[in-house]
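Residue numbers (my numbering), protein chains in the order written: chain F, 1 to 410; chain Y, 1 to 410.
Heads up, some of the hints might be wrong.
Because identical chains cannot be distinguished in the list, a pair is counted as satisfied if it fits within a single copy or across any two copies.
[What the hints assert, rightly or not] With a Cα cut of at most 30 Å, we get these calculated DSSO-like pairs of lysine-lysine:
hint, residue 1, residue 2
1, K175, K148
2, K170, K87
3, K39, K155
4, K170, K66
5, K399, K375
6, K175, K18
7, K148, K93
8, K66, K387
9, K18, K262
10, K66, K87
11, K170, K18
12, K93, K13
13, K71, K359
In short, the hints are calculated from the structure, not lab data.
Since we're looking at a predicted model, the values are computed, not measured.
Here is what each chain is made of, one letter per residue.
2 protein chains.
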Amino acid sequence: MKDRANIDTIESKITISKRGLALPASPIRKLIPLAEQAKGRGIKIYHLNIGQPDIETPPEFWQAIKGYANKVLAYGNSQGMADYLSKLSQYYKKCGLDISPDEIIVTTGGSEAIIFAMTIICEPDEEIIVFEPFYTNYNGFAIQAGIKLVPITTKAEDGFHLPPRAIIEKVITSKTRGILFCNPNNPTGTVYGREELNMLKELVRDNNLFLLADEVYREFIYEGKHISAMSMTEISDRIIMLDSISKRFSACGARVGNLVTKNRDIYNAALHLGQARLCSPTLEQVGAAAAYDLGDDYFKKMVGEYRNRRDVVYDGLMKIPGTICINPGGAFYIMAKLPIDNAENFASFMLTEFSYNGKSVMVAPGPGFYASQGKGQSECRIAYVLKTDDLKDAMDILKRGVEAYNLKGK
Amino acid sequence: MKDRANIDTIESKITISKRGLALPASPIRKLIPLAEQAKGRGIKIYHLNIGQPDIETPPEFWQAIKGYANKVLAYGNSQGMADYLSKLSQYYKKCGLDISPDEIIVTTGGSEAIIFAMTIICEPDEEIIVFEPFYTNYNGFAIQAGIKLVPITTKAEDGFHLPPRAIIEKVITSKTRGILFCNPNNPTGTVYGREELNMLKELVRDNNLFLLADEVYREFIYEGKHISAMSMTEISDRIIMLDSISKRFSACGARVGNLVTKNRDIYNAALHLGQARLCSPTLEQVGAAAAYDLGDDYFKKMVGEYRNRRDVVYDGLMKIPGTICINPGGAFYIMAKLPIDNAENFASFMLTEFSYNGKSVMVAPGPGFYASQGKGQSECRIAYVLKTDDLKDAMDILKRGVEAYNLKGK
């Protein structure tokens, strides 16, 4: 009987799609079981591995949701709630961008905005250029959309700034449909300047490409000023801006994002994708609309807090001899090239073998942010989403951890 | 200067992807502007065109959300909140299905579950068989996933039941990866019986296909009993069940769905898709978990109400001479073949030219539910989501509208 059962199992074997099998496990999340085990052994883990801020979601957000008075939670508009679209338009005006409510599609997180954009500009098998290290989930979205990401490597030594135009142009083929960049950047914290934006503008115009601008960290700027891709009005028909409240209002679990475009074909396609999935969740749009009423003070206070955190992390990194890292101007991440041979082994080591005074640190290993095989081996992403005292302690532990890791093999 | 500007516009012309252009506008929603105009003229419109129930979302759902005490709305688990997964598993047990929490992935609406399933079983350009008329948004999901839907036509005269196996087998090619069906059916209300399910079981087993079972209307059964695809445990590695709370708890705007699978490859791929988009919204999962605590009384009362509504609509249809429609056993839709030549013209006529006592009716034209060109021309979908008195009035108006429409041309 047992043999028969086995034969049945073999006979009925059915395989899923290649893209289904190719979908990567989240490199940020896959070390979580090791962290859980460490906690089980009584070790306190500082989580520098994930961009989950500790900042409270604004009370205004909660109050708006808790005051929602409708008794039927009905389908909303596919493009987003009218009130919320109008709040977004006002917000962009304050950012110096002239964007009307009918140039915005509300999405379920910035994630959905990115998937929509990839689907709208590419046939299956077409290509989008990205700058690695990049937000690791672009990989999963690309596989879902059936498209290919073509990476251009940027370097810690250059502060992860963009390479010269000729380097980018070298990888453009007849299948290339756009360039996707994140500014301020996750995972590097790099803020791109006017020259880099001008280069991208000319590049997409001369090569008939779209420019996908992920600007979810717009407010998180510690030096200078953020330049939005949408300010380059000469190429506004080529730009899709991708946005989200997740970081801006510390509401990662709300899943409220949006897509901005002045190209009507893109708008209509995004609207039709939105109609297929009916609508984004209603309650969180109500909360987000209230959050956008917060004054500049809210952002000033938040950015001040993150600037202090960045300084603590950067100072801590500079105390680890051999670290390569240019102090980044934005977001809340630093991609540091550490004096280690293998970031994945190091991250595991910190969770399984190392502790100092009963504490250790979890970082996100660099290779998960690269599409090119073998890149980022010495790099780790540090998310500074904890209070400064905790970060000081965490950076001291990280330094001791690097020393212990390098002594281990000797 | 004006000429120059025009030239610039032409030079910068950039086209989006073919699939982006192919995305259909929602056939259910596209007549809405005509309805708005009718309302502007003071005409009351009975909305029988969209599956938005008027039933209140349970107070338990609202209370749970309003009592949510965390101050940071953080990322949740990619597969869904542990509490909610466990509630779902208990719910399925009550339905007679043995499904553990780690065989479930929470999705953002049933919509996301369908997109995940299509992506996981098909490469771009591969095929899934559907029975038309079908839930119109399957079209948009298929275009997004880059796959092809192959329709098999079912007929009003047969109560939209499935055709013999040989008819289905005729369209299976080397590209066919699965069969997607909705039971109870939207838009027809048809409930498939044991024989039909057995036929599908043998069909997918003999042809090495997956079976995608959309069972979001599981409770909405007015005759007999619902048979879940997941009860066919002999082929459980081939089944992906797609589910949602939208109709079950009248919470369409919550966007809480889920996917169920006993195939670990499918589970892992769905988890990885889930990890890429991080998580589904947290608050609505909290609400949904509370709603699943509702006893059988909740469903009994709701189903009783809908049964009355169905009877009113069916009786009303039988009063329109020439209508072809077998009284459907489930969901809250009837797809009726009316004595009209063109359902889209008829639906427009009802909103632009016709009214009776200052009132008219909006229906969803049949062709939008077909993939085959030219099918469903005489059919309309009626969603019975209003109170019985309103439905009685609406059906009387519909009868008068059909008469007026047919007199018009003469």
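Outcome of the hint check:
1. K175 to K148: Classified as both; 9 Å inside a copy, 22 Å across copies.
2. K170 to K87: The answer is neither: 41 Å in one copy and 53 Å across copies each exceed 30 Å.
3. K39 to K155: Cα proximity of K39 and K155: none, with 34 Å in one copy and 60 Å across.
4. K170 to K66: Intra 53 Å, inter 55 Å, cutoff 30 Å: neither.
5. K399 to K375: within (23 Å within a copy, 70 Å between copies)
6. K175 to K18: Both, since 21 Å and 14 Å are each at most 30 Å.
7. K148 to K93: neither (34 Å within a copy, 42 Å between copies)
8. K66 to K387: Close inside one copy (28 Å) and across copies (29 Å); limit 30 Å.
9. K18 to K262: between (35 Å within a copy, 19 Å between copies)
10. K66 to K87: Classified as both: same-chain Cα gap 19 Å, cross-chain 24 Å, threshold 30 Å.
11. K170 to K18: both (29 Å within a copy, 26 Å between copies)
12. K93 to K13: between (56 Å within a copy, 26 Å between copies)
13. K71 to K359: between (48 Å within a copy, 26 Å between copies)
Hint compliance for this structure: hints 2, 3, 4, 7 are broken, all remaining hints hold.
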